Amino acid sequence: MFKQRQQIVPGEAPGLLKPSQHPAEEPPVITMIEYSHDYLEERTIVECEELLSHLNNDLVTWINIDGLSDLTVLRTLGERFHLHPLALEDVLDTSQRPKVEQYDDYLFVVAKMLYLTEAGEIGAEQFSMFLGESFLITLQEAGDFDVFEPVRARIRSGKGRIRQAQSDYLAYALLDSIIDHYYPVLESIGAEIDAIEDELIDNPLLRPVGSLHGHKRTLAQIRRMVWPLRDVTNLLLHEERGLIRPETKIYLRDCYDHSVQLMDVVESYRDVLSGLTEVHISSIGLRTNEIMRVLTVISSVFIPLTFIAGVYGMNFTHMPELAQPYGYGICLLLMLLIGIAQIIYFKRRRWL
Amino acid sequence: MFKQRQQIVPGEAPGLLKPSQHPAEEPPVITMIEYSHDYLEERTIVECEELLSHLNNDLVTWINIDGLSDLTVLRTLGERFHLHPLALEDVLDTSQRPKVEQYDDYLFVVAKMLYLTEAGEIGAEQFSMFLGESFLITLQEAGDFDVFEPVRARIRSGKGRIRQAQSDYLAYALLDSIIDHYYPVLESIGAEIDAIEDELIDNPLLRPVGSLHGHKRTLAQIRRMVWPLRDVTNLLLHEERGLIRPETKIYLRDCYDHSVQLMDVVESYRDVLSGLTEVHISSIGLRTNEIMRVLTVISSVFIPLTFIAGVYGMNFTHMPELAQPYGYGICLLLMLLIGIAQIIYFKRRRWL
Amino acid sequence: MFKQRQQIVPGEAPGLLKPSQHPAEEPPVITMIEYSHDYLEERTIVECEELLSHLNNDLVTWINIDGLSDLTVLRTLGERFHLHPLALEDVLDTSQRPKVEQYDDYLFVVAKMLYLTEAGEIGAEQFSMFLGESFLITLQEAGDFDVFEPVRARIRSGKGRIRQAQSDYLAYALLDSIIDHYYPVLESIGAEIDAIEDELIDNPLLRPVGSLHGHKRTLAQIRRMVWPLRDVTNLLLHEERGLIRPETKIYLRDCYDHSVQLMDVVESYRDVLSGLTEVHISSIGLRTNEIMRVLTVISSVFIPLTFIAGVYGMNFTHMPELAQPYGYGICLLLMLLIGIAQIIYFKRRRWL
Amino acid sequence: MFKQRQQIVPGEAPGLLKPSQHPAEEPPVITMIEYSHDYLEERTIVECEELLSHLNNDLVTWINIDGLSDLTVLRTLGERFHLHPLALEDVLDTSQRPKVEQYDDYLFVVAKMLYLTEAGEIGAEQFSMFLGESFLITLQEAGDFDVFEPVRARIRSGKGRIRQAQSDYLAYALLDSIIDHYYPVLESIGAEIDAIEDELIDNPLLRPVGSLHGHKRTLAQIRRMVWPLRDVTNLLLHEERGLIRPETKIYLRDCYDHSVQLMDVVESYRDVLSGLTEVHISSIGLRTNEIMRVLTVISSVFIPLTFIAGVYGMNFTHMPELAQPYGYGICLLLMLLIGIAQIIYFKRRRWL
Amino acid sequence: MFKQRQQIVPGEAPGLLKPSQHPAEEPPVITMIEYSHDYLEERTIVECEELLSHLNNDLVTWINIDGLSDLTVLRTLGERFHLHPLALEDVLDTSQRPKVEQYDDYLFVVAKMLYLTEAGEIGAEQFSMFLGESFLITLQEAGDFDVFEPVRARIRSGKGRIRQAQSDYLAYALLDSIIDHYYPVLESIGAEIDAIEDELIDNPLLRPVGSLHGHKRTLAQIRRMVWPLRDVTNLLLHEERGLIRPETKIYLRDCYDHSVQLMDVVESYRDVLSGLTEVHISSIGLRTNEIMRVLTVISSVFIPLTFIAGVYGMNFTHMPELAQPYGYGICLLLMLLIGIAQIIYFKRRRWL
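If you read the sequences in order, they're chains A, B, C, D and E. Counting in the working numbering, the first sequence runs from 1 upward without gaps. Counting in the working numbering, the second sequence runs from 353 upward without gaps. Counting in the working numbering, the third sequence runs from 705 upward without gaps. Counting in the working numbering, the fourth sequence runs from 1057 upward without gaps. Counting in the working numbering, the fifth sequence runs from 1409 upward without gaps.
I should point out that these hints are in silico values taken from the structure, not numbers from a laboratory.
Result set (DSS-like, lysine-lysine): computed pairs, CA atoms no more than 30 Å apart in a straight line:
id, chain 1, residue 1, chain 2, residue 2
1, E, K1755, A, K347
2, C, K803, B, K451
3, C, K1051, D, K1403
Listed next, the stretches of chain E that the computed footprint assigns to chain D, with coverage defined by at least 3 CB atoms under 8 Å from CB atoms of chain D:
id, region
4, 1693-1700
5, 1708-1719
If you're wondering where the values come from, they're calculated on a predicted model, not measured in any experiment. Cβ atoms here follow ideal geometry from the backbone N, Cα and C, with glycine treated the same way.
Start from the sequences and build out the full structure, keeping to the hints where you can.
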């Protein structure tokens, strides 16, 4: 359920960082975009030393790292931008809760990305971000899905506010893109819940208990991602060091609204699932009741009749009824009357 | 359950607004009322340019837009009144939570309208409002039901406070009218719950599980409209920019009370529904118990008797009882005694 | 469940007040008591104009109105004491939540009176109060039960603090009397719950589900009266305009304690009822289990025996056992052994 | 469940105090201990007037009253120490919630004493305390168990801090002694819950529903004593008039910790009881299921076989199978095969 | 469930400390480490007097005591470092809740250590800590597992920050080590819950109720350790006396995050267990339903047929059907038709 915590001894110098436990199949992909309203340069960085070079304060520098397997990159970044070793460890520990931490020169933000892959599956990655005055460093687990592509497209096209604004607006745009990708995930879960609901009312015995429970667990996991997300946006809204400009906070208010809305949706799904569990249990009760009613009616009608038949099947020598010419007819009639009486009785009790 | 979020890239200039996903069957209906205590002009606006004209600060200007399909109107309004593009996007996104946002020159309010149509169905629409010093812009989804007609009538008649007061009082009057329309909706739901309750006590097996669940979902949706409504009225009550005058706040206090009362009602209905689910489940248990009791009594009485009859129906050559003259009579008597003993036993255990 | 909200358009002048929907069978009864430590005058007011006369600041003036059917009285009071039209509307709307509102010259308090009538039934009325520097106006629905009689008696007798003190102490005395009348109501409910509890343990199948649910609903209603009552007393305790004197606040602290105690009692009753529902459901389960055990034991014992009897009742020509002289005896013995074996088995499994 | 509230009209002068409803079998026992670090006098007071005498500010005066039946004592104390009549009424009303009230010259504390009598039963009494600068008045219901004996012993022996300290330390010592006596009560309840737990897992059908419910009610009552106790200690910790000295507050912190620990224990017991109720209900379900399985297997196996026996027991003239020499053998074999097939089937479904 | 509270009379002088109730099998093991960035001395202390000697303010002095059986040690420490007697008593009372208390010269911290022993069992010990300017005293119950070994190793190796930093960093390192040891415990519980989950879906009748309940109790205990742990770290984070340096607080923030994460994990496990209980109960219901269906189908099919066979097994003299040549065939055919009709009926109702 929760991933193995990285075995990094906290509080040690960066030199002691141990390799991540993700199999280091592939090296991380590092891209760097530098832009201002009239300038744009986009590069893929191969050598770590390239990171150490120029940092032009007039430009917004966005360094994005896909994949956390190469610790050299982290160490280089840490030295270059004076990032705290504890923050770097949190980047590597992919079981972090979303949070914001203020350091002297930068904000450190951790959040969870949740998206629907093209195959329709739910993917989850940890996202970390260092927001400085003129730079933004983002780090993600190595994923084959890129949540930030729309933001890159907007930077390249040069349309909209983004090229006019600073690194804080870029941070907002990325957070917003992350939050936007939660919606399709929740919609797909919602659609499945609706399907279960229909199925349940149609035939409650097709064992959806397991699937209800599975969805509950999934929602509980998403909830643990979404609830702190609201705190993250709220803390960014009330950041007071000036790393986030007032005009950007108006946009962040939108992120806050969306994260509250996500919480609302998650909570309402949980409510619906609880309700469905109740519907399910009471449906089973109803069905059992119905089955028992059939059993009871049939047994109650036929058991006494069978007894009568049994009595006249006894082999006593002296059984006067047996010899009477209309004995058999009377006996059948009696059985019929008993049967009818019982059916009337059950009809009255609404068991039929 | 929750509507498709508008696919508008947040943070972009108004020029990038994409058309709403509501089929643009009909153009929006724009009405403009300008009034002071001794002046009243009411117009339907056809050309967008008309909006750009005069704004007389001595008058209260109320622009109401029914239907969100024409983005040109929104853009024109946005330019004319300096409305923030994010707010305009929120207007279009009809899955917003009710909220209040303060901008420099105006308040932006989103709420949900809930009303009972003439056909007795529950209708829901999103309502947005920009409240400035001397203007009020209201926007609703294109609906065939107008919640604001009573307010218009009061403006036209000139009676009461409304023509004496400013735009903030008009905003209050509209909010109050919205809240007033929640009551009949809740009353109709309450009546249905009462009906279910009666039915449930009368006959618990008529499967009201589905309807209980349905009402729970409806109430959960209304709850998500009503809870933030209280925050909205509360925030308006404590607005400090002066857009809402102290004398209007006394009236808003009334709105606040009503929204708290609505919450109370919604919560109490939810309580009742939970209680009814419990009643339902335990009623099913009781009924099953009752059915089992009948089955058990009849089976327990007749199965041993049938066994005895079976014994004397065996074809062994040497069965001394069979040949005795009173064998049959004694056998019947024995059966009768066993039956009576069992009935006494079950009576004692209160199963009969 | 909740009464039809008065159809009064809020925000209109008092002149627009529409008549209450209570059938105006009887005119309201207006009494006026004026007193100081050495003066006492008690009158029943017939003509509305009498209210307009003298208001002696050295006296405490208590005007009590029983019945809300005559709007003229309210309008006259409103003009005479400058009461806000919204407050007057709240007086008429008998579905108000208990609350305190501060106006410039007076406090407006709404609460619910709950009492046990002489016939042992629970009565509920809305109570409103305007507390000014030297006057107190109280309004109640027309009821045949008077909660305030003990206070009147104390004023008349002149004993105790009440004649020495001001209007705020009178307001406290009335609130205290209202709260005191909640206790017998809760005690009667408590007694009924205890009775249900005894009955449930005695015989869980006597269907108390309905009554449990009924009491839950009653308690939920009382809860909605009591919870805000605590807020009312708390707000009065922390009123800062000086309408309530510090020496009176010591007494109000007592009201606060009592309202918290009422909440405690209501919550504990709700807990007990929830517990009883669980007891009920598990008792039904136990009973069903017990019934099934009897059915299973009897069926399991006799069904195989009946089968054996059936075998030897078959009419095959060649059935060697039938002709043996001890066949019948051996067969009976076999049956007996099987029966005993089964009973031992069921005893071991503790089903008997 | 909650005791009859004393019928004392609040707000009246002490002269109006009515006698307590406890049968005044025995007069209260009044003891007075005066001490300083080098002085100790202990007396039993018979005449009320003795209380009016000397109050030496250099000594700590502790007056303890066991039994509330004699109002004269209360009145005398009230006059002597200027105690507020409302506080005196609260002393008499033994259904008070634990609380702290600040008056000008003293603190008024109400708490509940809970102890295990020597017979192993749970006793509960109300405890009231007036803490002044140099005096401490404690009042308890007439009980045959004295929670304060250990404190008295410490005063007499002169060991420890108590003789060095002031009245506030004495108040702490008494509160601490009260809290200490909660532990054995909770331990005895815990032991009973553990016993129920063992019994439940051993045999869930021995009807512990009643006892579970009974313990829940007991715990709910204790909870209502313990929760406000934490508020009491917390308020004393933050008292700012100086009646409680800073060095005593360090000791009170210990009381606070213990009351939080008591709450923890009570809550955890409630959790365990809820869990046991669930275990109980699901155990009943499991048992019923098991019983049904036995019934179903036996019925399913023998009912078809009995039918076959019934067929060959029919008396039709022309039944060719009957006359065949191996008919009976084949028939028995057929029955055996059917029986075995069914048993295999049930084994496969894990019903056996 | 909760251990016997130490019978120490709180508030007495250290001289009155009574021996702990742990059987004093073994004397406590006292180790003392003194270090600075360039100095390291590690000793095992045998004689209590050694503690009284030098305290070099330039070194960090860490005294660790394993085992609480020897009160002399505590008294010596208390005198030497001016520790408050109440704090020393809390050290001995091993049922403390985790907490932080500020004294004049030091912080007193209580927490719970939770670890997985090598045998895979969960061990729990109480941990106490006195943090002064240049010393750190830690006390634990006598355990055979040492949570602090990694920290000692880091001190000895001299790598990382620890030798550069002061006693507050050492305190952080110990707390961090304690928190780190919670993870494997929770992971092992998580693995067991996952195993139960799989088993439950595979075969719900294998009675996991007991184990679910057992895990719930374990989690409830851990929860009572983890929740206050967050308060402890939070209080340390906001300590304002300066005992904890700002640069250490950045590290403590990490402890805080981890304790919040632990809470998250505990809560999510509790959620899963609640969900599993529901799954379990509804699975039992489903299984019972299934069994009943089989019973009902078989009984309903064969009981009427057996009745028919019984009728033609009666011995009436005049039963015309019996003598007819095709009577037997027709009778069998009739039975077959009835059987088929019933099976079709049950198929339609989806009972087969």
